[in-house]
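J.: Listed here are the chains, written in short residue letters.
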Amino acid sequence: MRSLIAFPVLFLVAILQSALFSRLSLLSGHADLMLILLAIWSTHPRVTHAWEWALLGAMLIAFLSAFPWPLTFVLYLVPTALAQTLRAALRSHMLSTLLVLFAGSILMGILGSGYLFTLQSAFSISDIFGEIVSPSLLLNILLTLPLFILITRLANWVYPGEEE
Amino acid sequence: MRQLFSRTLQTTVLFLIIGGIVALAFGGYFRPLSNWVSAAWVTTQTWISSRYLAVQQFLTAPQDIAALRQRNAELEAQVSQLQSQVIELQQQVADREILAALVRYSRANPTNTYKAAQVIGRDPSPFMHYIIINAGSNDGLRRGMPVVTHRGLVGRVEAVIDNAARVQLITDPNSSVNVRLQNSRTEAVLIGSVTADLYLDMIPQDAQAIVGDLVLTSGLGGVFPPNIPVGQVLDVRKREAELFQQATLKPTVDFNQLSIVLVILNFTPVDISPLIPTVTP
Numbered sequence: 001m002r003s004l005i006a007f008p009v010l011f012l013v014a015i016l017q018s019a020l021f022s023r024l025s026l027l028s029g030h031a032d033l034m035l036i037l038l039a040i041w042s043t044h045p046r047v048t049h050a051w052e053w054a055l056l057g058a059m060l061i062a063f064l065s066a067f068p069w070p071l072t073f074v075l076y077l078v079p080t081a082l083a084q085t086l087r088a089a090l091r092s093h094m095l096s097t098l099l100v101l102f103a104g105s106i107l108m109g110i111l112g113s114g115y116l117f118t119l120q121s122a123f124s125i126s127d128i129f130g131e132i133v134s135p136s137l138l139l140n141i142l143l144t145l146p147l148f149i150l151i152t153r154l155a156n157w158v159y160p161g162e163e164e
Numbered sequence: 001m002r003q004l005f006s007r008t009l010q011t012t013v014l015f016l017i018i019g020g021i022v023a024l025a026f027g028g029y030f031r032p033l034s035n036w037v038s039a040a041w042v043t044t045q046t047w048i049s050s051r052y053l054a055v056q057q058f059l060t061a062p063q064d065i066a067a068l069r070q071r072n073a074e075l076e077a078q079v080s081q082l083q084s085q086v087i088e089l090q091q092q093v094a095d096r097e098i099l100a101a102l103v104r105y106s107r108a109n110p111t112n113t114y115k116a117a118q119v120i121g122r123d124p125s126p127f128m129h130y131i132i133i134n135a136g137s138n139d140g141l142r143r144g145m146p147v148v149t150h151r152g153l154v155g156r157v158e159a160v161i162d163n164a165a166r167v168q169l170i171t172d173p174n175s176s177v178n179v180r181l182q183n184s185r186t187e188a189v190l191i192g193s194v195t196a197d198l199y200l201d202m203i204p205q206d207a208q209a210i211v212g213d214l215v216l217t218s219g220l221g222g223v224f225p226p227n228i229p230v231g232q233v234l235d236v237r238k239r240e241a242e243l244f245q246q247a248t249l250k251p252t253v254d255f256n257q258l259s260i261v262l263v264i265l266n267f268t269p270v271d272i273s274p275l276i277p278t279v280t281p
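Which chain is which? The protein sequence lines are G and V, in order.
In this text, residue positions in the first sequence follow this note's numbering: the first is 1, and each later residue adds one.
In this text, residue positions in the second sequence follow this note's numbering: the first is 1, and each later residue adds one.
Read the hints as simulated data drawn from the structure, not as lab findings.
As the structure is a prediction and not an experimental result, all values here were calculated from the model.
Hints should not be assumed to be uniformly reliable.
From the structure, some residues in chain G lie toward chain V, with a derived Cβ separation under 10 Å [unchecked claim]:
no. : residue
1   : A14
2   : L33
3   : L64
Where a beta carbon is used, it is the ideal one built from N, C-alpha and C, also for glycine.
With the hints as constraints, model all of the structure from the sequences given.
T.: Encoded structure:
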């Protein structure tokens, strides 16, 4: 029953992303709060509903964004799959989170470039990685540090361990 | 009786003597003595008084500190409350200035019907330059309607729900707007970019594009009304080997500071897609 907390949390994250974090830009990049949340959540050792959270999060962002929805789903589901793999391979939760964020930010650059390519829009890869991907990655990592504790506590509350 | 009379007499004499001494002293006849006495008096009284004040201060000071601290806390709370009021009022003033400018703009263009809307969000993807506004189909908004501010063109409505809409900014990489240079009346195409820079393309080689030229919408294609300011030419790139000149543009609208926009309700975009010839095998 506690896993139903996903709905208010993900709604809040989507609203915060659109209303606040998308406006706080560094060059042309900005932090992706949903990606950070899903990266921390999916790599947490006790979490069992990572896919449900990723699907719901991707759906909310796809609703808000003009970015094509299949790409938005790819953007959030691929890092979730990577997180599931890393969770089993690595013991460090923080390290797994950072690796997922790194991969997610690079994936965002690749998907964005691919989309612009299909639009036949003029762009340069160096612009995309220098002005969007790198600043976004930096902001994601900076934001991960405070959010890590918060989301880990939330995960511990939703999935209480044996000691509790 | 005699004894009683004798005592009364003694007392009276004693009073007269002391009274006489005091009177003489006040008259200045015992000045050295009175000086010594008064100095001793004042010294003693000063010492006692200062010790009393010290003790009183010692006893009452903690209460004063507590009262002062409480008062200080109250004043600090009051100051922070006033500061927040000042910020709120400054925000209201800024909003009113924007609204006043928008009202002036709408009065200057009476042929259009406007709906003011607040910008409540931006596209979560950094590749897409869209804003979300708090007016939707319930307010009469439809897909394709132009969005402006008093400074110039913002974009057009791209998706609508009941009480919100998504607006594609002219800085979006998928946006193109037919424009003309005000001075030379040369037609060109304004395109956005992923870094939100604006470029002018398709400027004929023989056209005079000068830095500082004002760029307006041309109305060609029926997507936007004509004569809405878009920006100023920043620099022009002209190469003999190319078919057209290019230019970069400084937009008249500050897209990072958008807070309130106007949607032009009575402009219906023309769908020219059926007129575009398709290649048939």
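J.: State for each hint whether it applies.
T.: Hints and how they fare:
Taken as an interface hint, G/A14 checks out: its beta carbon lies about 8 Å from the nearest beta carbon of chain V, inside 10 Å. The interface hint given for G/L33 holds, since its Cβ lies 8 Å from the closest Cβ of chain V, which is under the 10 Å cut-off. At about 6 Å, the closest approach between the beta carbon of G/L64 and any beta carbon in chain V falls short of 10 Å, and the interface hint on this residue holds.
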